[in-house]
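K.L.:
Each chain is listed here by its residues.
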Amino acid sequence: MPSGLIPFPFHLFSFHHPSLSRNPSHTDLRGEQREIMLSVLALTSVVLLGIASQTTAIVVYTSWERHALVGTDVRLSCSFFSWQWTSPDVTFSWHYRPDGAKEAISIFHYAGGIPYVDTKGPFRDRMEFVGNPSRRDGSILLKNVDFADNGTFTCDAKNPPDIAGSPSHVRLFVFEKVPVQAGVITGAIIGVVLGLLILIVAIYYLMRFLVARRVFSLSMSKHGRKGKGKEGSQQKQALAVTDPAKLKAAASEKKKQESRREKK
Amino acid sequence: MLLLLLGIVVLHVAALVLLFVSTIVSAWVGNPNSSSDLWTNCTTLNGISTCNPADTGVWIQAVQALMILSIIFSFLSLFLFFCQLFTLQKGGRFFLTGAFQIFASLFVMSGAIIYTVMNFEWVHQSEFYGFSYILAWVAFPLAFISGLIYVVLRKRE
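Going line by line, the protein sequences match chains A and S.
If you count the first sequence from 1, position 181 lands on 181 in UniProt numbering, and the numbers rise without skipping.
If you count the second sequence from 1, position 143 lands on 143 in UniProt numbering, and the numbers rise without skipping.
Simulated from the structure, these hints should not be mistaken for lab results.
Backbone N, C-alpha and C fix where the C-beta goes; we use that ideal spot for every residue, glycine too.
Fair warning: there could be bad hints in the mix.
[Claimed, not checked] What the simulated footprint calls covered on chain A by chain S, stretch by stretch (three residues with Cβ under 8 Å from a Cβ of chain S suffice, anywhere in the stretch; the number is not a length):
#1 177 to 185
#2 189 to 197
[As the list claims (entries may be wrong)] Part of the chain S face toward chain A, derived, beta carbon under 10 Å:
#3 58
#4 60
#5 62
#6 66
#7 107
Generate the whole structure from the sequences, applying the supplied hints.
P.N.:
The following block contains the structure:
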């Protein structure tokens with residue numbers, strides 16, 4: 001058994017464990033479990049670190065899609081993740097495959113600290129390097145995009161000695177006018193109508209509450225000053241107007257109780 | 001009395017079910033190869049069917065919103081009916097229930113009208129109208145009549 005290579009705590013699993021032969025107390029077993037867990041954890045982390053330091057695949061990040069209006073400038077961002085430090089020999093390269101074409105053409109390359117922009121292809125005089133290679137950013141800026149620029153852009157980054165990895169793609173969509181996103185207007189109409197409904201209900205209940213409070217304050221003041229001519233009759237009229245509402249409520253409640261008793 | 005109540009509730013629920021089916025099932029416009037509705041356009045070519053989200057135009061979204069609002073208002077009207085059944089006093093009318101149901105029917109009507117008028121943009125001559133479209137038009141008078149009955153009905157017992 002290759003126990004010498006990996007420091008596995010075999011001694012914990014032998015049958016002649018000293019604690020098992022005696023009376024196994026609770027604390028002894030718990031301590032043993034904790035030892036096993038710690039050793040398993042240490043083993044897993046060592047294995048993972050070993051694996052990680054061996055597979056140094058570089059991971060390139062770009063956006064999934066970019067949408068732009070005709071005539072505007074589009075920034076295509078590209079970054080990468082690598083276990084190694086950023087080397088001075090880091091390279092970025094961009095390729096472009098138009099919609100419907102089978103082959104991609106190379107439009108940008110950065111190597112040895114110098115960016116080489118496209119001077120003969122479809123993006124001559126329209127491309128600019130706006131990235132910062134020391135910060136792992138290899139973004140390019142396309143100016144004045146047109147419908148012919150619809151297509152797939154591929155960014156590939158290499159960070160020696162970390163060179164194994166797959167490039168990442170960005171799809172560019174150029175629109176004449178910004179299309180309305182699905183569901184925006186639907187949600188807006190539904191929201192406005194339901195909001196109006198809730199507003200009307202709230203205003204209705206607010207009015208009822210205010211009227212009830214006014215009646216309450218009037219009844220209190222009526223108790224305070226009795227027999228004061230016109231004001232007294234006005235208050236009586238106000239009470240009479242709002243009283244039917246209260247009487248109705250009281251009557252319906254009485255009827256509800258009666259019908260419940262009848263049902264029972 | 002109970003029979004009348006049951007009949008009214010059945011009518012209301014029928015209108016609600018029609019609204020649901022009309023909104024959800026993908027059969028507003030169709031031809032032998034494809035069918036389209038408020039939400040997606042599905043085409044069947046050589047046995048493989050692919051669905052794309054519907055045209056994100058302004059008007060189709062308005063129709064979507066109106067159909068959903070009509071379902072919501074019909075639901076609310078059913079809920080209010082049962083509320084008012086137990087809280088309204090004798091001789092009272094189900095105004096609120098009827099109002100909500102009539103609103104629901106108006107929403108369905110405007111949705112169907114907008115769809116009919118705007119269909120010149122996205123429906124060719126060879127295509128025919130599917131059953132969901134017809135159900136929407138049938139649901140409108142059903143809901144309207146149901147709402148009117150609520151407004152006219154007086155609570156007895």
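K.L.:
Hints first: check each against the structure and report whether it holds.
P.N.:
Hints, verified against the model:
no. : hint       : result
1   : 177 to 185 : holds (count 7)
2   : 189 to 197 : holds (count 4)
3   : 58         : holds, 6 Å
4   : 60         : holds, 9 Å
5   : 62         : holds, 6 Å
6   : 66         : holds, 7 Å
7   : 107        : holds, 9 Å
Hint compliance for this structure: every hint is met.
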